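The listed protein sequences correspond, in order, to chains H and X.
Be aware that the first sequence starts at 1, since it is given in our numbering, and climbs by one per residue.
Be aware that the second sequence starts at 599, since it is given in our numbering, and climbs by one per residue.
Calculated directly from the structure, the hints in this document are not laboratory data.
Just so we're clear, the structure is a prediction, and the values are computed from it rather than from any experiment.
The beta carbon of each residue, even a glycine, is placed where N, CA and C say it ideally should be.
One or more hints might be untrue.
Stated by the list, open to error - If you only want the chain H side, here are some residues facing chain X, beta carbon under 8 Å, derived:
| no. | residue |
| --- | --- |
| 1 | Leu-47 |
| 2 | Pro-51 |
| 3 | Asp-487 |
| 4 | Ser-489 |
| 5 | Glu-492 |
| 6 | Ala-493 |
| 7 | Asn-496 |
| 8 | Leu-497 |
| 9 | Gly-498 |
| 10 | Ala-499 |
| 11 | Ser-500 |
| 12 | Val-508 |
| 13 | Arg-511 |
| 14 | Leu-512 |
As the list claims (entries may be wrong) - Simulated crosslink set (SDA-like; lysine to any residue; CA at most 20 Å straight-line):
| no. | chain 1 | residue 1 | chain 2 | residue 2 |
| --- | --- | --- | --- | --- |
| 15 | H | Lys-120 | H | Gly-109 |
| 16 | X | Lys-675 | H | Ser-500 |
| 17 | H | Lys-120 | H | Val-386 |
| 18 | X | Lys-705 | H | Trp-502 |
| 19 | X | Lys-702 | H | Leu-335 |
| 20 | X | Lys-671 | H | Ser-500 |
| 21 | X | Lys-702 | H | Gly-109 |
| 22 | X | Lys-702 | H | Trp-502 |
| 23 | X | Lys-705 | H | Leu-335 |
| 24 | X | Lys-675 | H | Leu-335 |
| 25 | X | Lys-702 | H | Leu-510 |
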Amino acid sequence: MTAATTTAPEPPRTGSPRSGDPAPGRRRSRFTDRLLGGAGGGWFPYLLVLPLVVVLWGYVVQPMLATFAQSGDGDGIANYTSFLSSAGVARSSLLTSLGISAASVLLCGIVGVAMAFLLKRFAFPGRRLIEAIILVPAALPPLIGAISFQLLYSETGILPRGLQQLFGTESPVLPFDGIAGVLVVHTFTMYPFFYLAASAALAGMDPSVEEAAYNLGAGRVRVWRTVLLPMLTPALVSASLLVFMTSLASYTAPLLFGVDRTMTMQIYINRTNGDLPMASTYASVLGVVSVLFLLGMRWYEGRRSYRSQSKGVSAHRREISNPVGRWLALVGSLLATVVLLAPVATIAVVAFSVDGSWTTEVLPTEYTMENFVAIFAEPQAFQPIVNSLQMSLLATVGCVVFGVLIAYAVRRLTFVGRGLLDVAVMLAWALPGTVVAINLIAAFSTGNAFSLGQVLIGTFWIMPLAYFVRFLPLVFRSSSAALAQLDPSLEEAARNLGASWWRAFGTVTLRLMLPGVLAGALLAFVHGVGEFVASVLIYTSSTAPISVAINNRMYSFEIGTAAAYGMLQVALIFVVMVVSGRLQGGGRAVREATRWTN
Amino acid sequence: MIGVTLESVSKRFAGAGDTAAVDDVDISIDAGEFFTLLGPSGCGKTTTLRMIAGFYFPTSGRIRFGGEDVTRKPPNKRDTGMVFQNYALFPHLSVAQNVGYGLKIRKVRGADARSRIAEALDQVHLAGYGDRRIDQLSGGQQQRVALARALVIRPRTLLLDEPLSNLDAKLREETRTEIRRIQRDAGLTSIYVTHDQAEAMAMSDRIAVMESGRVRQIGTPQEIYHRPATTFVARFIGRSNVLSLPVLAADAISVEVRLADDTSRTVAAPREHGLTESATALISIRPEHIGLCGPDEPEALAGRITDLEFTGMATNLTVDVSGQELMVATVEVPDGLAVGDRIGLRLPAARMWVVHP
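Turn these sequences into a full structure, and let the hints steer you where they fit.
Structure follows, in structure tokens:
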């Protein structure tokens, strides 16, 4: 076959005869050439990736191993065997946690899928309003969210007392306590996983597929069973795994509704009782279960395959034509609106109530501006606000630097171990906040190489570090989503025009990623300001963040002041949501990241 | 201007096993030449172009720009101007800023830069569009901005990666004439990648036809059309009948073969055709070179029409000659000719050519 390669007469070659060696000046600049020239060279990716690996190893993986090591301190394997004995707290905590998670999946699945179908497939009055506010309860910071549900639905809550007064009964009507209360919080804050997944699947579904089934003679039920449900399955499985993981990690709801026998509560209780090896054991078990779920999810998402092709054609919405149905729909929408807005409204109302004035009444009776004045005017009350802003800002800067670079490395560079880098970030995402805190305690209660030999526990620095580990995946995800939208040839064009890798990255790639990065950074920042779960395990009196202050005020029955702090967090969240929504491409990044909550 | 030389260049991608995306390619492109890499998708043409641009480094072999070895040089040091398939215009920059990007890196500033940008935009008929945003331009205009951006840096070679594939048919023809004009005026060495053989034929000084990572033939459009080296080239460039015929005699430059009607033809063959008496030769002949006549005339193959398709400019016939189907294209069709009719075909020896498998 080689004979066929050339038949044309060899054209006369032009150009000067090639010179022997490159000029001596050239050789010297080879190293800088490659450093500045970058990607494409064999070792350049490793140069970029090395610091990323050090950070992920030092602050995510190595602390996790330290926790494993600590869990065996003294008693060896004994801590783990307590999970097997039938009488122990350990076993019942694990079972309760798993049970709550399973029930949460079921409840969230029913609510989320029903909402998705109602809102995406039917047209009725009030639909747009509900679509606009449907994510509000889930957007609340974990502590203030749980508090609002406690204020609304617990035995001393507004609704049971209101009903009690309405019907004149002896005790509050329909109070939610204990595990039921936890499930209410979980349902309201986690159904968006199902709602978002199902509505995305419904929106992405080519309506002609469904029409084809009808055209072939299938009835409504059959279409549901044979077409819609199978196409929704991947979305539902992913959402189930997410809700299960998130429920397992849930800490504030069991705390507020007094369910002590859950994994997260046991971590907290053992830590406060000073039994660090046992806390580490719980953290290890919870960590391992979470990681297994993470791996299961990645495996499942890797093999899911249904994607409809057609674009721009939205699925048909059915008008509800039956007059009774219309009235029912209207009443239902009103009710849903009230229920969705009630948590925020409760916090807002309570924030203006006088501390200690609200006892047995349905709603607070005395109102004042004093709570807001107090948290800003009293230096001691103002300190948590300063702490939170400061620590979140620090953590956010770190998240941006490393999140963007890791996203770039994972998406755009080829190097050995790329998959591991990706998994390491997702590990930080999968680990519950309590586990992250225990990991950092285990790793940094003595000096080690990654803390430059310093003991970090009990210092200011452990808090921003925890926030960094927890929220790095947010910036990573939003950056990664922004990068996925970006054609790699843009960077190549810049390189072709003479830009070094650094210059091409700065003037083109990073510049175009910016809206996504910014949206992720804002999200990381508000999550930092709302952080409670890890903070409560590692704060010191001088570094207490807002959420810890809220928790302390709740304990001393200063509910009004607690809610005023909460309103700051809520206000910040809504500002950030509006800003991100305006950022070009920011909306996508936020959607990517809404898959994350506590 | 400089020429570009590829010496036994191969590229294997990690994880792709033993298969090479580009396999031992030798190409020598003259200064000022318009050279096209042509082939179906997956043939390695884009990989070859990207190695010339510096986005991939070859696994083995050398690439030279003139006398300079650029094999391991990063893309930003090569001074090539590339036009990408999707244009890769920077969406956050205006038209003028896009065109000026490479100038800024070359530290061309102020009035000098402005006049060069204006000149480049003028060259692609976009004078006055400098302040537009990229998303305010049509596809054709974007394509021309991409071209201006590549030309303004006065590159050593111009690289074009299927730049016309996103344009509609009419615009594509206009633009290809325009690209050719600009290239000729500047005397710019250009390397063009396409899968469209008509485009390649119309634009190129020379074409390299690639298949499965290897160069199958390099030559002028005429050489490639009239003297295809292999069956693949014969069929990929235009349409071609490839007949397997027994060899009666062979010498260095020709082969005598026997046709179905027992007549023989002496057909020109490439050097090193390696055919000997009683071997089977592959002979290509273009549909438009086959003449029509009555079925029983001498020196003609008799056959039956199995398909007849009128395309306006020509009529395409499929004729069954003792079990083998031949494509015939003719401008003049005898009146009343229909599927099922018997017909005679004339195969002139001068239009036949021996090809490799």
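Is the hinted pair Lys-675 (chain X) and Ser-500 (chain H) satisfied, with a Cα-Cα distance of at most 20 Å? holds (9 Å)
Please work out if Lys-702 (chain X) and Gly-109 (chain H) have their alpha carbons no farther apart than 20 Å. With Cα atoms ~56 Å apart, Lys-702 (chain X) and Gly-109 (chain H) exceed 20 Å; violated.
Holds or violated: is the Cβ of Val-508 (chain H) closer than 8 Å to a Cβ in chain X? holds (6 Å)
A closest beta-carbon separation below 8 Å is what the hint needs, so does Ser-500 (chain H) meet it against chain X? holds (6 Å)
For Lys-120 (chain H) and Val-386 (chain H), compute the direct alpha-carbon distance and say whether it is at most 20 Å. At roughly 43 Å apart (the allowed maximum being 20 Å), Val-386 (chain H) and Lys-120 (chain H) break the hint.
Pair hint outcome, Lys-702 (chain X) versus Trp-502 (chain H) [Cα-Cα no greater than 20 Å]: holds (15 Å)
Answer holds if the nearest beta-carbon of chain X is closer than 8 Å to that of Arg-511 (chain H); otherwise answer violated. holds (6 Å)
Mind checking the alpha carbons of Lys-675 (chain X) and Leu-335 (chain H) for me, to see if they're no more than 20 Å apart? violated (66 Å)
CA of Lys-702 (chain X) to CA of Leu-510 (chain H), is that 20 Å or under? Since the Cα atoms of Lys-702 (chain X) and Leu-510 (chain H) sit roughly 18 Å apart, the hinted pair holds (cutoff 20 Å).
Hint check: is the beta carbon of Gly-498 (chain H) less than 8 Å from a beta carbon of chain X? holds (4 Å)
Quick check on the hint: Leu-497 (chain H) CB to chain X CB, less than 8 Å? holds (3 Å)
Close enough to count: is the Cβ of Leu-512 (chain H) nearer than 8 Å to one in chain X? holds (6 Å)
Going through the hint list in order, the structure does not satisfy hints 1, 2, 17, 19, 21, 23, 24.
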